[in-house]
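Participant: If you read the protein sequences in the order shown, they are chains A and V. Going letter by letter, the first sequence gives residues 1 to 342 in our numbering. Going letter by letter, the second sequence gives residues 1 to 342 in our numbering.
Quick caveat, the hints were computed from the structure, so don't treat them as lab data. A couple of the hints might just be wrong.
Cβ pair distances, simulated, as ranges [unchecked claim]:
(1) A:272 with V:116: 46 to 52 Å
(2) A:78 with V:34: 51 to 57 Å
(3) V:314 with A:272: 22 to 28 Å
(4) V:267 with A:332: 32 to 38 Å
(5) V:314 with A:274: 25 to 31 Å
(6) V:21 with A:29: 35 to 41 Å
(7) V:314 with A:49: 45 to 51 Å
(8) V:185 with A:306: 28 to 34 Å
(9) V:245 with A:272: 56 to 62 Å
(10) V:314 with A:166: 57 to 63 Å
(11) A:335 with V:67: 52 to 58 Å
(12) V:67 with A:80: 57 to 63 Å
(13) V:67 with A:280: 33 to 39 Å
(14) V:21 with A:280: 22 to 28 Å
DSS-like, lysine-lysine: derived pairs with alpha carbons at most 30 Å apart [stated by the list, open to error]:
(15) A:305 with V:305
(16) A:305 with A:328
(17) A:173 with A:328
(18) V:328 with A:305
(19) V:305 with A:328
(20) V:173 with V:328
Backbone N, C-alpha and C define an ideal beta-carbon position, used for all residues, glycine too.
There are 2 protein chains.
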Amino acid sequence: MRWAVILAGGSGSRFWPLSTPTMPKQLLPLTGTLSTAEQALVRLEGLVPRERVLVVTGPAIAPRLEQVLGLPHENILVEPRAASTGPALVWATFEARQRDPEAEVLSLHADWSIREDAAFRHTAEQALTTAVRYRRLVTVGIVPSRPDTGFGYIVPGTSLDDVARTVARFAEKPSAATALDLMASGAWWNSGLFAWTAEVLLDEVARNTPEIAPILPRLDAGDIPGFFSGVTPVSIDVGVLERSRAVAVVPGRFTWDDVGTWDALARIRRRDSRGNVTQGPVHLIDCDDCVVWSSGDPIVLADLKDKVVVHANGRMLVIPRARAAELKAILDQLPPEIRDLP
Amino acid sequence: MRWAVILAGGSGSRFWPLSTPTMPKQLLPLTGTLSTAEQALVRLEGLVPRERVLVVTGPAIAPRLEQVLGLPHENILVEPRAASTGPALVWATFEARQRDPEAEVLSLHADWSIREDAAFRHTAEQALTTAVRYRRLVTVGIVPSRPDTGFGYIVPGTSLDDVARTVARFAEKPSAATALDLMASGAWWNSGLFAWTAEVLLDEVARNTPEIAPILPRLDAGDIPGFFSGVTPVSIDVGVLERSRAVAVVPGRFTWDDVGTWDALARIRRRDSRGNVTQGPVHLIDCDDCVVWSSGDPIVLADLKDKVVVHANGRMLVIPRARAAELKAILDQLPPEIRDLP
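If we strip away everything but chain A, and leave its shape as in the complex, we get (with noise of 0.2 Å):
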């Protein structure tokens, strides 16, 4: 049967000061009035029932999903520590197993931004079919709109079929220059958005990934903290997906971004005519290409372009959108009772 799982952890940081460790970007309404994790929820409705949707995420956050997302207790599964990706796809494609030998399992994030939701799980029937039909580990390719080096990169080999392709090779977050080229040459974004029979992730992980494989039978035993203590964290892309020779790729005919910094709202969310993108009360005056956001107070500008201007839980952010995927680094330069948020 069909399992989604949906990767929901995160620190919270990169939409600071709104973003908290207990209220983290997928939990909030950052591209609409549903928050992204429930978006995702919704998008699966039809395409796998929710008491097969697992989620996996960290402890402080966990209880607010469940709560929010309103799936069984025991399809929320708590990282003892993050430790990227592949370990999270391993233990919950293991924990689908558990629950059903012939599980197949789409996997998606909890913050991403998908306009034509039917597309989508036209596009997951297509991946979750070719997952079946040739045992391979596919991942969903995206036709990129932009040179973005934010993402990896999927260049498609052959055909398989009419829909699905081998992949040639993966480029990860590429140069400026070799992003241009990519888009040129027909590449597609890794979207992230995978699926696979549980049989064939576990197979290829025991095969070809040293970081996770040896501690496998801690899964075997139960031993949750025990297998996440002794992983190595490592992405599923380069534990798993890069070093495999059994993966295909099928394209996304949907609209698909990451909502990973305040400067991706001015993509994702709808701008005014002169490009700013606004939540709360805010008056703009003469500005350009701006996302502002308030909570609560009122915020007035003048006169700025390109800018991101933040209030929220008592704290305040003016930064350059340029900037806005640094805002990790900007807050590790900051005192602690600056940064962290009652």
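With chain A fixed as given, assemble chain V onto it according to the hints.
Facilitator: What follows is chain V alone, placed relative to chain A:
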């Protein structure tokens, strides 16, 4: 005897959202630990005793001003309406003469920044002496440190003695080019620090100021509301000094500035090594020449230049320093629920 009149009116919009109608800039510690109104009073010590210091202000501020300054209740002169500096100084000078027919009056503003109090007192002595000796209205000229277009200028004329000179002419707020010419030709800023005897001022008003002269009998009758409803608002400069032939100027050898806008704080307060002025819990990363004020909530800024950033009274303001002088116009564009402070 010597009297001082401190002009402490003002609507409280220049330092929005920190200043409010009941807590305007002259009551805020904008330049140091004391408010500029308190500093003005301290600066007069040894020159004019407190019982002969009059303060002219509006009804919204009067109670707090009386409390903060600790002056006798009868020394707080509450204008029924704001009518510029002419009627205010005429009324206060009239009041001084009522209490002391030989009154000599020094007039100053509650929102000045002056660094050298001893030099201020020395100049004030010279101005008062000149006013009595030559029976003239005496203004103090400040040697300009920049070609400011926000101040009026005085072109000094012939010498009356070692200190005082006649006034060749007054130049109202000039263009940038004219300001440069004035500065180069030895003109001084018209500070607004004046000295006169009550007798001479009231004579000059009766002779030259049709906006006020016909209404003077209301003051004799003790009808202050009638006086203010009858006068035409006019500044002391335009209404009296610029029309009088009995004027003189003495140079002020002290650092003087008008704490008129957020931008002015960058001139007046201590700057960090990159030219920033901050107050409250503010953390700057790669910022230059910013003015940042927080009344409580921490503010984090990165990679900004020449900006004013303020959080106070539940409002947040971000504007270029170059727009600070236009803050009133910006506020006029705001909906009342954002502009009006709690």
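Participant: None of the hints should be skipped; say for each whether it holds.
Facilitator: For each hint, the structure was consulted:
1. Range check, residue 272 (chain A) to residue 116 (chain V): about 50 Å between beta-carbon atoms, so the 46 to 52 Å window is met.
2. At roughly 55 Å, the beta carbons of residue 78 (chain A) and residue 34 (chain V) sit within the given window of 51 to 57 Å.
3. Between residue 314 (chain V) and residue 272 (chain A) the Cβ separation comes to about 24 Å, which falls inside the hinted range of 22 to 28 Å.
4. Restraint check, residue 267 (chain V) to residue 332 (chain A): a C-beta distance of roughly 34 Å satisfies the suggested window 32 to 38 Å.
5. Take residue 314 (chain V) and residue 274 (chain A): their Cβ atoms lie about 26 Å apart, and the range 25 to 31 Å holds.
6. Look at residue 21 (chain V) against residue 29 (chain A): about 36 Å separates their beta carbons, and that is inside 35 to 41 Å.
7. Separated by about 46 Å at the C-beta atoms, residue 314 (chain V) and residue 49 (chain A) satisfy the suggested range of 45 to 51 Å.
8. A hinted range of 28 to 34 Å for the beta carbons of residue 185 (chain V) and residue 306 (chain A) is inconsistent with their spacing of about 43 Å.
9. Remark: the range hint 56 to 62 Å for residue 245 (chain V) to residue 272 (chain A) is upheld by a beta-carbon distance near 59 Å.
10. For the pair residue 314 (chain V) and residue 166 (chain A), the supplied restraint of 57 to 63 Å holds, since their beta-carbon distance comes to about 59 Å.
11. For the pair residue 335 (chain A) and residue 67 (chain V), the supplied restraint of 52 to 58 Å is violated, since their beta-carbon distance comes to about 36 Å.
12. Between residue 67 (chain V) and residue 80 (chain A) the beta carbon distance is about 60 Å. The supplied range of 57 to 63 Å therefore holds.
13. About 37 Å separates the C-beta atoms of residue 67 (chain V) and residue 280 (chain A), a value consistent with the hinted range of 33 to 39 Å.
14. One distance hint, 22 to 28 Å for the beta-carbon pair residue 21 (chain V) and residue 280 (chain A), holds here, with the actual separation near 25 Å.
15. Pair hint residue 305 (chain A) plus residue 305 (chain V) holds up; C-alpha atoms about 12 Å apart against a cutoff of 30 Å.
16. A threshold of 30 Å between alpha carbons decides the hint, and for residue 305 (chain A) with residue 328 (chain A) the separation of about 22 Å falls inside it, so the pair holds.
17. Restraint check for residue 173 (chain A) and residue 328 (chain A): satisfied, since their Cα atoms lie roughly 18 Å apart, inside the 30 Å limit.
18. Taking the CA atoms of residue 328 (chain V) and residue 305 (chain A), the gap is near 21 Å; set against the 30 Å cutoff, the hint holds.
19. Proposed proximity of residue 305 (chain V) and residue 328 (chain A) is supported: the alpha carbons are some 21 Å apart, at most 30 Å.
20. Restraint check for residue 173 (chain V) and residue 328 (chain V): satisfied, since their Cα atoms lie roughly 18 Å apart, inside the 30 Å limit.
Violated hints for the displayed structure, listed by number in ascending order: 8 and 11.
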